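Modelling step: build the complete structure from the supplied sequences, incorporating the hints.
In order, the protein sequence lines correspond to chains V and A. For what it's worth, the numbering used here labels the leading residue of the first sequence as 1, then goes sequentially. For what it's worth, the numbering used here labels the leading residue of the second sequence as 1001, then goes sequentially.
Please keep in mind that the hints were generated in silico from the structure rather than gathered at the bench. Zero decoy hints are in this set.
Computed list of lysine to aspartate or glutamate pairs in EDC-like fashion (alpha-carbon distance at most 16 Å, straight line):
1) A:Lys1199 <-> V:Glu112
2) A:Lys1198 <-> V:Glu112
3) V:Lys81 <-> A:Asp1187
4) A:Lys1198 <-> V:Glu101
5) V:Lys78 <-> A:Asp1187
Reference excerpt, derived from the structure (chain A facing chain V, CB under 8 Å, subset only):
6) Asn1179
7) Val1186
8) Ile1201
9) Ile1205
10) Val1209
11) Ser1210
Part of the chain A face toward chain V, derived, beta carbon under 10 Å:
12) Ile1060
13) Asp1067
14) Ala1183
15) Ile1203
16) Leu1204
17) Pro1206
Note that the coordinates shown come from a computational prediction; the quantities given were computed from them, not determined experimentally. Ideal placement from N, C-alpha and C gives every residue a C-beta, glycine not left out.
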Amino acid sequence: MAITFKEVTYTYSPGTPFEFQALKNISTKIEDNSVTAVIGHTGSGKSTFLQHLNALLKPTGGTVMIGNTTITSETSNKNLKPLRKKVGIVFQFPENQLFAETVEKDIAFGPENFGSTAEEASKIAKEMITLVGLPESVLSRSPFELSGGQMRRVAIAGVLAMHPEVLVLDEPTAGLDPGGRREIMQLFGDLQKKQKFTIVLVTHQMEDVANYADHVIVMEHGKIVKEGSPRAVFANVEWLHEKQLDVPASTEFAFEMQKRGFQFTRLPLTESELADDIADFFKKRGQTHE
Amino acid sequence: MNKILFGRYIPLDSFVHRMDPRSKLILSFLYVIVIFFANNWWIYLLMAVVAFVSILASKINFKLFVDGVMPLLWIIAFTMVIQILFGTGGQTYWHWGIFSITSVGILNAAYIFVRFTLIILISTLLTLSTSPIQISDALESLLMPLRKIHFPVYEVALMLSIALRFVPTLMDETETIMNAQRARGVDFGTGNIIQRLKKIIPILIPLFVSAFNRAEDLATAMEARGYRGGAGRTKYRLLKWETRDTLATLVYSLMAIGVFALRLL
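Following this line, the structure appears as structure tokens:
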């Protein structure tokens, strides 16, 4: 399901002294079956942008097309439920939204709201808990007994349980240890390849962007300042530094090497690309020396 | 939620903003007490003038005050209707069963309208021009004499300032949790009362749990920074009574004297 933004603006508390324009004339398209990464400084409007993806916020100007549904400022709050089933959002620190007595009930909450019967929902809960890498025995426990990382997985399972067509992730790995971070990102990457759905990912981890994203949107002060493939966006290291954004460590390393006279055909994004490029370089040099 | 003005603070640099929060608190109380002694229009005129001059001195947009009164208009209207329908005395215009509309009833209703409006204006002025932390400092300072009767002033002040500090945080958190549950298919606006009450559970439980966690973290952090209870601490924010406070007190005292003089009319 593709999502199209046409000249979207959003203003918080319009008409009060606390008025704040968070989005300014945003136009972009999130393609079907793609992984789109949204990066930008804190307060650049990323989270506001996210909430437009399933009409939690409605634009104050312009239109958002979610699949075949058009959302404008006049769209009524009724009949948005089917839309929310299609677009699942995992908010920052999603473990804070767990509430049910058992993990099973919490995961089943979403499907039940969208009309699944109790049996169906508990079947889905069983599937989901294995999907996120937790043993089935967890299902009967209280979510508040679990560790932080496990709670995060349960919360993610609760969103996946709705079988969304678009999965929106707001910093899904924030506050996790490196191991947990890798596992969670791997989970989303695999899932996306297997089930062919759309992922929109907000993150400060440029490695994740380089590894998983097809498309990158760079936001600053409520505007899209650049978008394109990760390679195109990360090619301009100096520009990103100016915007106080990072590039993947491999790109940074290559960039520094380039300054010292090392030649790259294109800046590498991942460690393996970097390793290949360096290996190639020495291979060529070896040949010329022979 | 954005419409609620009560308890909001608008940082500006004005005569009223720079006043000592203690004097603002006392004068607001004084104003509210004095207004109940009003019994003729001259007094209301005098008090309205004082209120408007105070608002002007705060440099806050007057429209905000109107917005502050609006949500309470229903309560005011309700009280006025009761007054009009059940008032007795003076000339009777209309009479039916226990209901009657009389000249005194209408006059009382008009008084109530003015009284309510002025009280709301002055209390809105206090909250708009004084940050919550200043209010809690002022309360602590004003409650100090109660220590003589073993009232836990430090503890109450601490609780108050922590509570005020976390109001916006908890509001943000409520918003996030509501959005998260909405994204999971909860429709907050629909259903009968029981269904709606049930929908509050997925908000309330996470909110309580996170408040408990937050309290634990905060207590640990405070202990780690050497907090050992209220007694024997020094203060970072010192309240200072200045000429402008004396001036304001003078104006309000004159108003109070004026009111009691006009009562004799």
